[in-house]
Amino acid sequence: MDAQTLQTIIHFSYVFAAALFVVGLHQMNSPITARQGNLISAAGMAIAVIVTAIQLLVLGSPATGETAALAWPIIIGGVLIGGGLGLYSARTVKMTAMPQLVSIFNAVGGGAAGLIAIEDYMTAVRLGTADVWLNIFVVLGSILGSIAFSGSIIATGKLQGLISGQPIMFPGHRIVTALLALIALGGTLALVLGSLGVINVAGTEILILGIVVVAALAFGVTMVMPIGGADMPVVISLLNSGTGLAAAMAGLVLNNPVLIIAGALVGASGAILTKLMADAMNRSVLSVMLGGFGGGEAVAGATAGAGGAVREVSVDDVAIQLAYAQKVIIVPGYGLAVAQAQHAVRELAELLEGRGVEVSYAIHPVAGRMPGHMNVLLAEANVPYPQLREMEEINPEFPRADVALVIGANDVTNPAARSNPQSPIYGMPILDVDQARSIVVIKRSMAAGYAGIDNELYHDPKTGMLFADARAGLTELVGAVKQL
Amino acid sequence: MSFELIAALTIFILAVLVGFEVISKVPATLHTPLMSGANSIHGIVLVGSMLIAATATEPLSQILAFVAVIFAAMNVVGGYVVTDRMLQMFKRRLPTAKPDVDEQG
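Protein chains in written order, with our numbering: chain A, 85 to 568; chain B, 508 to 612.
Bear in mind the hints are in silico, worked out from the structure with no lab data behind them. No residue lacks a Cβ here, since even glycine has one placed at the ideal position from N, Cα and C. Among the hints, erroneous ones may be present.
[Stated by the list, open to error] According to the in silico footprint, chain A covers these stretches of chain B (three or more CB under 8 Å from chain A):
| no. | segment |
| --- | --- |
| 1 | 510-518 |
| 2 | 541-549 |
| 3 | 578-588 |
[Said to hold, decoys possible] No farther apart than 25 Å at their CA atoms in a straight line, the calculated lysine to any residue pairs in the SDA-like style are these:
| no. | chain 1 | residue 1 | chain 2 | residue 2 |
| --- | --- | --- | --- | --- |
| 4 | A | K359 | B | V525 |
| 5 | B | K532 | A | V441 |
| 6 | A | K566 | A | M373 |
| 7 | B | K532 | A | K566 |
Please put together the full structure from these sequences, using the hints given.
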């Protein structure tokens with residue numbers, strides 16, 4: 085086979101791999117085909133990587149026609165280290181910490197895209213082949229990649245609790261953020277004008293790109309810092325979309341079809357997904373990015389007047405209430421997940437069902453830390469699928485429920501979202517827990533939820549507060565119900 | 508503008524349009540797995556990292572390429588494995604609703 089034929093085969097293999105990404109992503113729209121879709125997409129990735137290896141092995145780099153001496157140790161060593169790290173963390177991560185891990189993978193993806201752009205630019209400048217288009221693609225790729233890298237790391241820190249989930253701002257924060265954006269834009273302009281010959285930047289191109297990259301990295305940090313933890317999924321999705329575009333820019337730089345298509349695909353679908361996620365929380369992407377959700381002055385206004393008394397109840401009281409109820413709706417939240425209480429709650433539910441109580445779970449779309457997170461956690465604990473009910477479906481049933489058992493959920497049950505236009509969460513769809521005949525809240529303390537605001541549900545006379553760690557409280561409840 | 512560049516930009520624009528259309532009405536429960544799935548796809552930067560490793564002859568370029576390959580490989584492998592782990596949960600409980608899909612798993 086001559087080189088030309090092989091090059092054609094390689095090109096169409098790339099197109100085929102890209103087609104598999106499209107099909108795989110499309111199949112992930114539905115729960116029935118989702119897993120198959122992911123495997124199809126993985127097959128596309130395997131094809132793209134193998135084809136690239138063949139290209140380098142037989143034909144050499146498309147740019148130079150040869151493969152550098154150290155290329156194979158770099159590629160094989162890097163794949164073993166990076167792949168090993170990825171495999172280990174993906175297999176061992178607790179499902180509760182899964183959103184952070186996705187964010188880390190996004191960070192490294194963005195970092196790689198940025199590094200490709202930077203490295204290619206260094207080569208192009210050395211060879212004197214950096215035309216205006218290459219400058220544009222390189223600068224966009226390195227800016228987007230850098231923002232995705234540093235922004236995703238901050239998002240990970242917030243989700244992991246290493247950085248406060250509360251919005252963080254320093255004096256002049258917005259000005260600094262705007263300034264960083266201006267520096268990045270100015271550097272971009274300088275490089276583009278330089279490549280057009282309007283201004284002379286010869287010899288300083290790499291330095292300018294370095295300044296742009298540093299500004300973009302800092303911009304990623306100051307952009308995500310003021311955003312509250314509850315909005316992190318939307319931010320991660322947006323950064324994910326940015327990484328996709330950065331990959332597409334890297335593809336335009338290297339003139340590689342699979343990079344262009346896969347990157348553009350993720351960039352565009354990620355943008356749509358970001359909007360869908362924001363819609364599910366009744367937030368606009370713009371208001372998310374402006375930040376400040378659940379922090380600062382707005383909170384003081386929202387909490388005022390809600391400081392009524394709370395009624396504390398004992399485990400035995402709750403056990404009797406639950407055991408003699410006809411219908412119990414369990415509302416699980418992130419507190420349940422962090423306490424690893426999924427199994428305890430299933431045990432309690434099975435015990436109650438054995439006594440003829442009708443049990444179902446009300447799953448808020450953003451229960452846990454991300455949309456769909458809670459379903460995954462409960463499925464892991466073998467909670468039967470039909471008992472998991474989506475918000476729209478279960479809300480009309482709350483008035484018929486004898487007990488709504490809220491475990492570690494807070495903001496998604498706050499009636500202020502319906503009634504108080506001043507509240508920062510006003511308009512967010514919530515579970516109508518307050519309409520149940522009685523409410524039991526298992527919670528460690530009166531501390532505010534992720535949005536950092538008080539929940540008037542706790543001051544409702546119908547509500548009994550059981551102050552306990554979710555798992556300890558549920559285990560005691562199981563014991564108490566058994567005694568009855 | 509070279510013909511090559513025009514072709515590449517055309518591909519880019521069409522792929523963006525496909526990306527907008529490929530995601531339609533997705534149930535909220537799938538938002539996280541879908542994001543994670545898209546996240547693995549941009550692991551395609553591994554191909555780009557391999558290509559720059561092939562042209563890297565200076566020590567600095569080689570270091571950048573090495574870090575890029577590590578990052579990208581982590582994105583690819585970790586991304587697909589964690590997405591599959593998430594979706595496995597859906598698979599296991601689906602049989603109650605749709606017994607016919609059980610056989611594939």
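Against the structure, the hints:
1. For the segment 510-518 of chain B, the proposed coverage by chain A is satisfied: 5 residues have a C-beta within less than 8 Å of a C-beta in that chain, meeting the threshold of three.
2. With 9 residues having a Cβ less than 8 Å from any Cβ of chain A, the segment 541-549 of chain B passes the three-residue criterion, so the hint holds.
3. Figure legend: the segment 578-588 of chain B, annotated as covered by chain A; annotation consistent (11 residues with Cβ-Cβ distances under 8 Å, at least 3 required).
4. Our distance criterion of 25 Å between C-alpha atoms is met by A:K359 and B:V525, whose separation comes to about 17 Å.
5. Simply put, B:K532 and A:V441 have alpha-carbon atoms about 35 Å apart, too far for the 25 Å limit, and the pair is violated.
6. Between the alpha carbons of A:K566 and A:M373 the distance comes to roughly 49 Å, so the proposed pair goes past 25 Å and is violated.
7. Taking the CA atoms of B:K532 and A:K566, the gap is about 44 Å. The hint is violated against a cut of 25 Å.
Going through the hint list in order, the structure does not satisfy hints 5, 6 and 7.
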